[in-house]
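Line by line, the protein sequences give chains A and B. Note that this note's numbering has the first sequence beginning at 21, numbered continuously upward. Note that this note's numbering has the second sequence beginning at 134, numbered continuously upward.
The set of hints was computed from the structure by calculation and includes no laboratory data. You may find that some hints are simply not true.
The calculated lysine to any residue pairs, modelled on SDA-like cross-linking and capped at a C-alpha distance of 20 angstroms, are [unchecked claim]:
hint	chain 1	residue 1	chain 2	residue 2
1	B	K344	A	V35
2	B	K344	A	G27
3	B	K357	B	V236
So, partial list: chain B residues that the calculated Cβ filter (under 10 angstroms) puts toward chain A [stated by the list, open to error]:
hint	residue
4	I145
5	I188
6	V229
7	A234
8	L235
9	G240
10	L266
11	L267
12	T274
13	V323
All of these numbers come straight from a predicted model, not from anything done at the bench. Note that beta-carbon positions come from the ideal geometry of N, C-alpha and C, so glycine has one too.
What follows is each chain in one-letter form.
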Amino acid sequence: MSRRGWGFFVGGLLVALLLAGVVSNYASSHPDGLDSSLREGCTVDAEGEITGGSCPAQRERDHELGDSPLADYGVRGVDNDFLSTGLSGVLGVLLTFAVGGGVCWLLRRRDPQPTTGAARGDAFGDARSGAAGDGTGGGPAADDPVTGRRAASGAGGGGPASGGARAVDGR
Amino acid sequence: METLAMHISNGIIDGPVAAVFAAFALVVLALCVLRGRRDLDDRLAPMAGLVAAFIFAVQMLNFPLLTAGVSGHLLGGALAALLVGPWIGALCVAVVLVVQALVFGDGGVAMLGLNITNMAVFGTAAAYLLIALLLRVLPRTPAGLGVTAFVSALVSVVVAAMGFVVQYWLGGTTDLGGNLGGLAGTMAGVHLLIGVGEGLITATTVVTVAKVRPDLVYALRALKPVAPAPAVPVAGGAR
Numbered sequence: 021m022s023r024r025g026w027g028f029f030v031g032g033l034l035v036a037l038l039l040a041g042v043v044s045n046y047a048s049s050h051p052d053g054l055d056s057s058l059r060e061g062c063t064v065d066a067e068g069e070i071t072g073g074s075c076p077a078q079r080e081r082d083h084e085l086g087d088s089p090l091a092d093y094g095v096r097g098v099d100n101d102f103l104s105t106g107l108s109g110v111l112g113v114l115l116t117f118a119v120g121g122g123v124c125w126l127l128r129r130r131d132p133q134p135t136t137g138a139a140r141g142d143a144f145g146d147a148r149s150g151a152a153g154d155g156t157g158g159g160p161a162a163d164d165p166v167t168g169r170r171a172a173s174g175a176g177g178g179g180p181a182s183g184g185a186r187a188v189d190g191r
Numbered sequence: 134m135e136t137l138a139m140h141i142s143n144g145i146i147d148g149p150v151a152a153v154f155a156a157f158a159l160v161v162l163a164l165c166v167l168r169g170r171r172d173l174d175d176r177l178a179p180m181a182g183l184v185a186a187f188i189f190a191v192q193m194l195n196f197p198l199l200t201a202g203v204s205g206h207l208l209g210g211a212l213a214a215l216l217v218g219p220w221i222g223a224l225c226v227a228v229v230l231v232v233q234a235l236v237f238g239d240g241g242v243a244m245l246g247l248n249i250t251n252m253a254v255f256g257t258a259a260a261y262l263l264i265a266l267l268l269r270v271l272p273r274t275p276a277g278l279g280v281t282a283f284v285s286a287l288v289s290v291v292v293a294a295m296g297f298v299v300q301y302w303l304g305g306t307t308d309l310g311g312n313l314g315g316l317a318g319t320m321a322g323v324h325l326l327i328g329v330g331e332g333l334i335t336a337t338t339v340v341t342v343a344k345v346r347p348d349l350v351y352a353l354r355a356l357k358p359v360a361p362a363p364a365v366p367v368a369g370g371a372r
């Protein structure tokens, strides 16, 4: 993937960090659709506590991990609400990115040939190393991935070992 | 900020039903891993991380609904299905829900199977079925993609909400006195509104990604328009 390719991921992550870290403080604090539906039939005071009536939400029990340091989207020990919410959002974004991306990175298809090292280098480096592959690296042609995928899965027919699939990708 | 619960909390659905759905969710997620691996390459893996992180972020952004005193937030099934496909997409939403339950105290751990079933499985599946249909018949323009995203996102939210109603019918802990229809109606109504928000967010995000990096939109890669001859995999490549 070209340098531009990684720029997209960095940019996307920054947007997510900004949303969770800052904008989250301006989110509505009203109960969401599920919560409010489950409170139908009950009366609720200004604090959001159920004061009477009968509704499914009354059966709600405590969370198993309710005393987690990040419970309820706040950081325990940080008294400033703005900071607490924002910080928990930032940590959550980094955590979900690491878990989601990490699991998928481990599960990803690899070339049958032992080119893992090369492939990994390729992801960061082909803008630098591959004048050949570069013509296409960030190429916006929407079809490429399909061909790329086939080339990769049938890698026997591929040929040039290092980062071959990627290079083929764009021609 | 007071308790901010966005997903099914402990005690709302009884234990046995929650356990059955936990088993169901586990089986489906295993299937998603097996089938999704075929899609997962060096480019889709970081995209999956980004999609999970983005969904987590936007789920924090409760938006007000027209109905006073009620908010809604993204579920993310349609967004994930569009950007990384149904299999990895379901895994992404599941990752978000697992992190929220285990770290943020949101959505009971015992209820995780129910939440995953509704939002990661039903939501993503419903969205992708519609995406597959719409993207083949609508023009390949930003507008076509936007409409696809909006409609599939809206429907997926209502489907996920109805998933909860079915679960409540099976194992709800409060006797509604035969008034399950009332709960269904309330859930459907409020989630129709949330679906509009979900649709707008999903369409905006996907159209933006498609403009910057169309090669990163799974649905555009995987789904060919019907008009040209059916794309049969030909040995030696299509060109």
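A quick look at each hint next to the structure:
1. Distance hint between K344 of chain B and V35 of chain A is fulfilled; the C-alpha atoms sit about 16 angstroms from each other, no more than 20 angstroms.
2. For the given pair, K344 of chain B sits about 15 angstroms from G27 of chain A by alpha-carbon distance, which is consistent with the 20 angstroms threshold.
3. Restraint check for K357 of chain B and V236 of chain B: the C-alpha separation of about 40 angstroms exceeds 20 angstroms, so the hint is violated.
4. Checking I145 of chain B against chain A by beta carbon gives a least distance of about 6 angstroms; that is within 10 angstroms, so the hint holds.
5. Of the supplied interface hints, the one on I188 of chain B holds, with its beta-carbon coming within about 8 angstroms of a beta-carbon of chain A, less than 10 angstroms.
6. Taken as an interface hint, V229 of chain B checks out: its beta carbon lies about 6 angstroms from the nearest beta carbon of chain A, inside 10 angstroms.
7. Because the smallest distance between the Cβ of A234 of chain B and any Cβ of chain A comes to about 8 angstroms, under 10 angstroms, the interface hint for this residue holds.
8. At its closest, the beta carbon of L235 of chain B sits 6 angstroms from a beta carbon of chain A; the interface hint therefore holds under the 10 angstroms criterion.
9. At its closest, the beta carbon of G240 of chain B sits 8 angstroms from a beta carbon of chain A; the interface hint therefore holds under the 10 angstroms criterion.
10. Given the 10 angstroms rule on beta carbons, the hint for L266 of chain B is violated: about 19 angstroms separates it from the nearest Cβ of chain A.
11. With a cut of 10 angstroms, the hint placing L267 of chain B at the interface with chain A is violated, because the nearest CB-to-CB distance is about 17 angstroms.
12. The interface hint given for T274 of chain B is broken, as the beta carbon of that residue sits about 13 angstroms from the closest beta carbon of chain A, more than 10 angstroms.
13. Using the Cβ-Cβ criterion of 10 angstroms, the hint placing V323 of chain B at the interface with chain A is satisfied: the shortest such distance is roughly 4 angstroms.
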